[in-house]
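These protein sequences, in sequence, are chains A, B, C and D. All residue numbers for the first sequence refer to the numbering used here, where the first residue is 41 and numbers rise by one. All residue numbers for the second sequence refer to the numbering used here, where the first residue is 41 and numbers rise by one. All residue numbers for the third sequence refer to the numbering used here, where the first residue is 41 and numbers rise by one. All residue numbers for the fourth sequence refer to the numbering used here, where the first residue is 41 and numbers rise by one.
Any given hint might turn out to be false.
When chains are identical, the list treats them as one kind, so a pair holds in a single copy or across two.
Straight-line Cα separation of at most 25 Å, DMTMM-like style, residue types lysine to aspartate or glutamate; simulated pairs [as the list claims (entries may be wrong)]:
{"hint": "1", "residue 1": "Lys80", "residue 2": "Glu44"}
{"hint": "2", "residue 1": "Lys201", "residue 2": "Asp236"}
{"hint": "3", "residue 1": "Lys201", "residue 2": "Glu225"}
{"hint": "4", "residue 1": "Lys499", "residue 2": "Glu225"}
{"hint": "5", "residue 1": "Lys301", "residue 2": "Glu276"}
{"hint": "6", "residue 1": "Lys301", "residue 2": "Glu83"}
Worth flagging that the hints you see were computed from the coordinates, not collected in a lab.
4 protein chains.
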Amino acid sequence: MNGENFALSEQIVSSSYIRQGSQARRSHEQLIRLLLEQGKCPEEGWSESTVELFLNELAVMDSNNFLGNCGVGEREGRVASSLVARRHYRLIHGIGRSGDIAAIQPKAAGSSLLNKLTNSVVLDILKLTGVRSVASCFVVPMATGMSLTLCFLTLRHRRPKARYIIWPRIDQKSCFKSMITAGFEPVVVENALEGDELRTDLEAVERKIEALGAENILCVHSTTSCFAPRVPDRIEELAAMCAKYNIPHIVNNAYGVQSSKCMHLIQQGARVGRIDAFVQSLDKNFMVPVGGAIIAGFEESFIQEISKMYPGRASASPSLDVLITLLTLGANGYKKLLAERKEIYSFLVQELKSLASAHGERLLHTPHNPISLAMSLDGLEAKSNGAVTQLGSMLFTRQVSGARVIPLGKEQTISGHTFRGFMSHSESYPCPYLNAASAVGITREDVTLCMKRLDKCLKTLKKNQNVTTPTSPVPPAGPEDPPLLYETELKIDQRCSRSFTLLLSAI
Amino acid sequence: MNGENFALSEQIVSSSYIRQGSQARRSHEQLIRLLLEQGKCPEEGWSESTVELFLNELAVMDSNNFLGNCGVGEREGRVASSLVARRHYRLIHGIGRSGDIAAIQPKAAGSSLLNKLTNSVVLDILKLTGVRSVASCFVVPMATGMSLTLCFLTLRHRRPKARYIIWPRIDQKSCFKSMITAGFEPVVVENALEGDELRTDLEAVERKIEALGAENILCVHSTTSCFAPRVPDRIEELAAMCAKYNIPHIVNNAYGVQSSKCMHLIQQGARVGRIDAFVQSLDKNFMVPVGGAIIAGFEESFIQEISKMYPGRASASPSLDVLITLLTLGANGYKKLLAERKEIYSFLVQELKSLASAHGERLLHTPHNPISLAMSLDGLEAKSNGAVTQLGSMLFTRQVSGARVIPLGKEQTISGHTFRGFMSHSESYPCPYLNAASAVGITREDVTLCMKRLDKCLKTLKKNQNVTTPTSPVPPAGPEDPPLLYETELKIDQRCSRSFTLLLSAI
Amino acid sequence: MNGENFALSEQIVSSSYIRQGSQARRSHEQLIRLLLEQGKCPEEGWSESTVELFLNELAVMDSNNFLGNCGVGEREGRVASSLVARRHYRLIHGIGRSGDIAAIQPKAAGSSLLNKLTNSVVLDILKLTGVRSVASCFVVPMATGMSLTLCFLTLRHRRPKARYIIWPRIDQKSCFKSMITAGFEPVVVENALEGDELRTDLEAVERKIEALGAENILCVHSTTSCFAPRVPDRIEELAAMCAKYNIPHIVNNAYGVQSSKCMHLIQQGARVGRIDAFVQSLDKNFMVPVGGAIIAGFEESFIQEISKMYPGRASASPSLDVLITLLTLGANGYKKLLAERKEIYSFLVQELKSLASAHGERLLHTPHNPISLAMSLDGLEAKSNGAVTQLGSMLFTRQVSGARVIPLGKEQTISGHTFRGFMSHSESYPCPYLNAASAVGITREDVTLCMKRLDKCLKTLKKNQNVTTPTSPVPPAGPEDPPLLYETELKIDQRCSRSFTLLLSAI
Amino acid sequence: MNGENFALSEQIVSSSYIRQGSQARRSHEQLIRLLLEQGKCPEEGWSESTVELFLNELAVMDSNNFLGNCGVGEREGRVASSLVARRHYRLIHGIGRSGDIAAIQPKAAGSSLLNKLTNSVVLDILKLTGVRSVASCFVVPMATGMSLTLCFLTLRHRRPKARYIIWPRIDQKSCFKSMITAGFEPVVVENALEGDELRTDLEAVERKIEALGAENILCVHSTTSCFAPRVPDRIEELAAMCAKYNIPHIVNNAYGVQSSKCMHLIQQGARVGRIDAFVQSLDKNFMVPVGGAIIAGFEESFIQEISKMYPGRASASPSLDVLITLLTLGANGYKKLLAERKEIYSFLVQELKSLASAHGERLLHTPHNPISLAMSLDGLEAKSNGAVTQLGSMLFTRQVSGARVIPLGKEQTISGHTFRGFMSHSESYPCPYLNAASAVGITREDVTLCMKRLDKCLKTLKKNQNVTTPTSPVPPAGPEDPPLLYETELKIDQRCSRSFTLLLSAI
């Protein structure tokens, strides 16, 4: 309420109480003032009531919420369903304009503020998490892959002759497809095996550059966060190489914001060499729903060029989610989450190590990967063909999610390119294995439960080469057990096994 | 609740009441059954409680909501903010997979169902609104422009040699940029002036095709819904031409779903010639927030090809919005909205006509445009240079949104291409004018208020060549007046005028 | 946002857009200002966004939402569940203080404002609906019965010797119990049969007064709204009699606010005689959840005396509900609802009349009852003993709610007092009958559906004296049929019949 | 979704994923099953999604949510505002029936279940927290005072001749008024001073009983939780006395559920003597909004008698709040809250002790009071008359809530009875003091902040007899400081002082 309304209230309720209420309101306004003034993520998280107060304030500034508005255009922010209006806090106009996803909308001052502030707060977080010299960024309501595509499409205008993208292999379809969709030819560079780790083969990259000719190469497309035993690319060396050959460099930093190591690689790369843009997922780094990414870089003009490439308005939903989340967590809250993640990573290392040794397997030694781990499945594979796949299906059935099993020798063709040893980032990795990761938001309990269930599955598979129906009735579900009470577990596991195989081939 | 729980409830509350409650639950289930069985938009809209019940049911099927789940992956649908979780009904996993935006997610059966059902319900609506032979479609969380880009990128793989896109001119930046972003060269074909209408110059199109060579042309990119006095392209003839020359044809049907005429054009085009895909905006046709589009076509395989081009997962937010909206409205509710729109279109024609004649202007005769209208501003322009722009700013200040004024002779360069007479779809349209549209969701009150305010503005501008500060105090805002109480209206109007000019150049 | 924050926003988004947003905010503030200034129900209803903005503003004024508050008391408005906090808009402190339910709370300026404003807005509505000279009222979070009890308890302090309450009979348990609970002895005065109507027997009332002695009588407890064929008490005459004998007069106006006739009776009663307080239900008159009432009167001091009788704080929930509802509807919206109710009453009269005559029954002639109607069930009763009760159960099973059947000759003892002919307000009403009412919020469709189902039930009962299992399968539920698909309707109907009999005896 | 719908879903999304989703749904159903089966508070709290799923299930069972319902009654659960419907989860019918607040409603099976389950879960919690032999209880939507009134009104019917209630003095208005409102004459028994503690004067009580005659006494009305230096009544001895004289005994256990000591007193009282009912506040014990209470007892029939005294239906809102809260917390969560409270009590003891000694005051020795503490203000009072009151106002201004200051010698007349030394539970307590309490939900931070601010206030008051305007500008608010930035603190403090004095007299 404004001053006038507070004054009127004092005639209804004693003025000292109203005055205190008005002072209380000011303290919310103060938080908003700091945000508007500095454009930074607040140190301490806001209460939900401050967040909602702020979003309501933004909403009343959009023309669709003007009490006296009359609209005779084709896009007036009208909403048919009140459920929909409510879930978007009545912010309906999206972000950006036809010319530029970062542009201000005359009809929607509130949504425009939301957009600007989100980009500003996110930039602050990128700095805090390690890329101190980042110059500009924006949130885009597309997942990482499509955002990479947008970067490549932008580069095309700078390098009209270029046809190739140099890409140290990483076995994730969307990375590969981001280049195909943009209309370029990916040049896959196999990784080098160093100990257990798969790392960038720098010499092979350089050989490719020289073979193809720098001017024919759109960019180098490198990756930080990835599944072990692959480790983040040697970003520093690649950046230097890009600078040397004058080739753009786009980094896929998918879920790297959560790891100081990944962020450090990018900061260093930009310092010693060339990084044109780096792209990160919103959902994987900030615990929001799938569907947004941040495109960031060290030169404001290039980032603007990309934002101007997006034709038309865009959904404000991912921006809204990440803004709510960061205001609620505050910089301290987010840092605390990252610290916990790191700690649980160590816990996971230790747990997987002892589990592996109990089952005659070993934790692969991948010290350069700060998030993902891999445990060999040599013994399991040796015992029975197909047991590795079956383990995957058993874990799925037991509600262990995210624990991928990687059998040997899969082959997959994507857009005409055949990958041998698909999913393992290598044509012939020495052993099958299982992945587990400590990603932001994981809890100690996740790890404990996962280990317990994994242990049981491995025991079951070992005990019984041809796993048969358990004769004893399935015990009631306890908190440490998934609540799946299939009559004949095996049957289900087998059925799942089939869909699991399909699933593997679809990753 | 399941049968067991209803039985237990009968021991707490008399069984005949519980049984009636359980029957009542069944009636919600019946509605859901029909939806799952037929995949169609329900005839009658659902109550909000059925909609929310259904969404909650979907959510419990996603692994992030499993009570016993433990996650050790890098993307587990974790959410940091409960405000965010709640506004997405705890559906966090988005839609699609790395390979395909239409693919099923093993971790998210509920979100996958949501995705499939949304596409199916939307397909049903496209049929109902006139494109009866549409074969396939999908919702994509990108606005129309970026969705067109995706279509063009997909075509590139079919026509690797093609560099040009034939495009009958329409002055909306995002349409033009959708081609630029995809890396193609737009070939702008100026429109022909027929009476007041600007229509497709078919001969010019054919000349361009022959001049460039069909094999060098990626596609023809035509448009249905647009601002008067431009009218929808001659889709039928263009489709026939595309068939004749074996050139793909992509139709920008931005807000055409709401008009049976636009939909009929597409249906006819596909019948007599070739339409590969048509793209429409979600927000403009279905009254949902900005940020989604539907890509549809007559050949399932091509539409799948496009959906497979989207690299990675995507936001489920636009799908969720349109599904909620269509379930709430029902087919009948949506048809009712369209009927009202049509009726108000006639009302707007009539109102604008009499207003125009009262001010010595005229309603341009554009019978082929079923949504947008234009009123000449000859007299105003004659009186004073700049009055047209000032009218725009005055309307903006008075909370009339969507009423665009189009002055003569603007020039704008977009991505290296210069448009003379920008915003008017023509290098030299005979007169300046003002647009108003009857789009879905408009109310009779919108029209009445707009006319009243427009009338006042025109009078003010006429009375006073150099509009001066009103001497009398501004009267209190009534329902028919915008609640803008600026001290010195002129100053504001002038300031707005400046930003309005910027604004014009940014459309 | 305050001025400072708007100014900061102008540095982020162009100032003319922000300024417009800030003006838009002012228009919400204007509505709030009017409310605070006048304390009246707004003419036009507010949008949901204004309502929520206002409630959020109130909430930030309560100490539990102060950002810097520290609490070391035993009642600090702490909330354990965020679902609970959210559903109360974070207004946790309730209303009133230990001394007085209308008192201001130092810890909760916002909740105190809410309480004051609700009472003020409700008072305005009581005036608008016909009791123009009402002086004071307050909302109490207790249903009508308990609120009547509170009035009687207050009167005890004024008339310590009085033991009796004179009560023209109305067969609703809670009315009777309100007196018993307060510790008084109800003196039941049987109604007089005038035509079909049951009306106050004024002479009998006066005889009782004289017999018992005015000083021994706590008050006369009369009733307006009631089920036909009883009609509202002769309030005017009773009020005059109370004035004459100097006896307090409490009117149970349960759902009478919705009827101008009932309100007029009270207004006239107060004008010509004595009414100390009149009590009305919130849910029945204002379409809010059950649980609140308004205690109103013509002398402020007595109403305050009652409000001071409530020991301790109270739930703000009913106040919140009615305030939200009245702000959303506006005075015009509420008046429109009442006009519709009246219109549907006429429709119901006409429909029931023709249905009755089609089945050889008749609509009882009860012109003094403006809400409830009764249709005789003579023929049905004649045919079969128990058919009347069975009709009730059949209607219940078919989801016709609120259509009560009243068999003859029920006897019920409540707190030691035996009512012959219970439910019919009379020891020996001439015929059994069925009630239907046109209450606020009813739709034309309710009436149509009810008539259709009632017609079917009557036909079924007539066709088949001993209604037997339908041999044909039950047809699928259409919109005109309740979705009850019992296998053997009869069995259920019979089972229901039993619980229905219990039910009757419990009303 | 039911089985049929899951089967249909398998045709849309692969069956193994759907099956897993369906299993996941079962795990929610299992939790609900346990609740229905056992009627107990779940050990572990439910997730919000289970809670909401359950509430939605209840709502669909109420007739106002039947899709095919038609209503022709006067109370059909219609809701005008969707905001209101939503905040009550569409549970509109309230609880109870005209005859009994615990009765089942035919129109509302879901609300009836809610009511029964809430009472059952709450009973379980009363047992868990120490009153193991409690037999029955129910939630009533009235605060503690009015609930006590209802108990007294019920007793009247058992003891029609009784006029007095024996009441060991406790200075809270609502306790006193609960007896006045019920129409009885409170017989105030002054407390005995034992060390610093004020405890029940058992001999005085017995003298009163004998003087008045047991048959003239309605009941003894004792209290557990209270402000120090008063301590809980000697419930055991009073219960024994009541048994001996055959007098009913009602215990006001306002916020005693949170203290095992208070609960133990009641359990013991019932074991060795007589307790007819004990009443506790919902908000103070369960962190829900103000407005509900639990009436509990050791004999089911008497508790039913009370529930049957409530005439008419009642708000379900308090029941809903406490059910949501307890399901969300689980028994373990609630026990954890209580354990924390106890721990912080010790912390508060220690902090207050050292603060007191630093300021030459002392913590009063009140070991029998498990929640509230008192620190002497002798020195402050000695220095300046009025300083004690001013301290109260300063704390209020600094957002320290709940820290009451008790000056000497206040006199207050309530309903004709004059209390000397009001607020101190004693006609002449030896010293003025300040109260602070460790109540459920308090945090360690609350205590720390309170001590800091209290320390500052005491220093300011000491330094400057006539506190003057601070000359230095008020520093910016930090987290340890309240955000009150008054220009002239003193003025405000003085103004507050006045309202604070009023405030004191109103408690």
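Going down the list of hints, with the structure as the test:
no.: 1; hint: Lys80 / Glu44; verdict: between (31 Å within a copy, 18 Å between copies)
no.: 2; hint: Lys201 / Asp236; verdict: neither (39 Å within a copy, 44 Å between copies)
no.: 3; hint: Lys201 / Glu225; verdict: both (13 Å within a copy, 15 Å between copies)
no.: 4; hint: Lys499 / Glu225; verdict: neither (46 Å within a copy, 62 Å between copies)
no.: 5; hint: Lys301 / Glu276; verdict: within (12 Å within a copy, 58 Å between copies)
no.: 6; hint: Lys301 / Glu83; verdict: within (23 Å within a copy, 42 Å between copies)
The structure is inconsistent with the numbered hints 2 and 4, although it conforms to all the rest.
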